[in-house]
Amino acid sequence: MQLISKPLAIALATGALLLAAASLGYLTIREIHAMTDEAATTSKQLSDATWTARIEKANAEANQRIADQAKVVIQIQADAADRVNAASQQLEEVRKRNAALPHGDDIGLSADRVRLLPD
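Here the sequence shown stands for residues 1 to 119, numbered as in UniProt numbering.
If you're looking for bench data, these hints aren't it; they were derived computationally from the structure. Among the hints, a few may not be true.
Listed next, with one range per pair, are the computed distances between beta-carbon atoms [what the hints assert, rightly or not]:
| # | residue 1 | residue 2 | range |
| --- | --- | --- | --- |
| 1 | 101 | 66 | 25 to 31 angstroms |
| 2 | 67 | 32 | 49 to 55 angstroms |
| 3 | 51 | 85 | 28 to 34 angstroms |
| 4 | 102 | 77 | 38 to 44 angstroms |
| 5 | 51 | 29 | 30 to 36 angstroms |
| 6 | 63 | 40 | 56 to 62 angstroms |
| 7 | 53 | 77 | 49 to 55 angstroms |
Model, not experiment: these values are computed from the prediction. All C-beta atoms in this analysis are idealised placements derived from N, C-alpha and C, irrespective of residue type, glycine included.
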């Protein structure tokens with residue numbers, strides 16, 4: 001007793017092989033897509049990390065330059081304040097010497113008062 005004919009058996013076997021080949025092809029394509037997606041994600045993360053590091057480095061350099069400039073400004077301000085204080089003390093000294101000269105009510109400059117003027 002024969003259940004199926006020989007051509008039908010060949011057709012079923014061929015169909016099963018084609019189905020197996022199609023399934024294998026589908027699985028292969030799905031794996032390739034998964035690998036490319038993973039590679040793209042890894043590449044994007046690496047690129048993001050690289051640019052983040054570059055930006056952080058540039059920000060650190062800019063902040064250092066700002067801090068250096070602030071130090072210079074503070075030094076300039078301190079020097080200027082010292083000069084202003086020295087000039088104020090010098091002016092006060094000249095005023096004291098001028099007040100100590102005789103004939104403070106005279107109009108005009110006497111020789112002693114001219115000597116008080118800076119060179």
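Outcome of the hint check:
1. 101 to 66: 25 to 31 angstroms: Roughly 52 angstroms apart at Cβ, these two residues miss the hinted range, so it is violated.
2. 67 to 32: 49 to 55 angstroms: Between residue 67 and residue 32, where Cβ atoms are some 52 angstroms apart, the hint holds.
3. 51 to 85: 28 to 34 angstroms: At 51 angstroms between Cβs, range violated.
4. 102 to 77: 38 to 44 angstroms: holds, 42 angstroms
5. 51 to 29: 30 to 36 angstroms: holds, 33 angstroms
6. 63 to 40: 56 to 62 angstroms: violated, 34 angstroms
7. 53 to 77: 49 to 55 angstroms: violated, 36 angstroms
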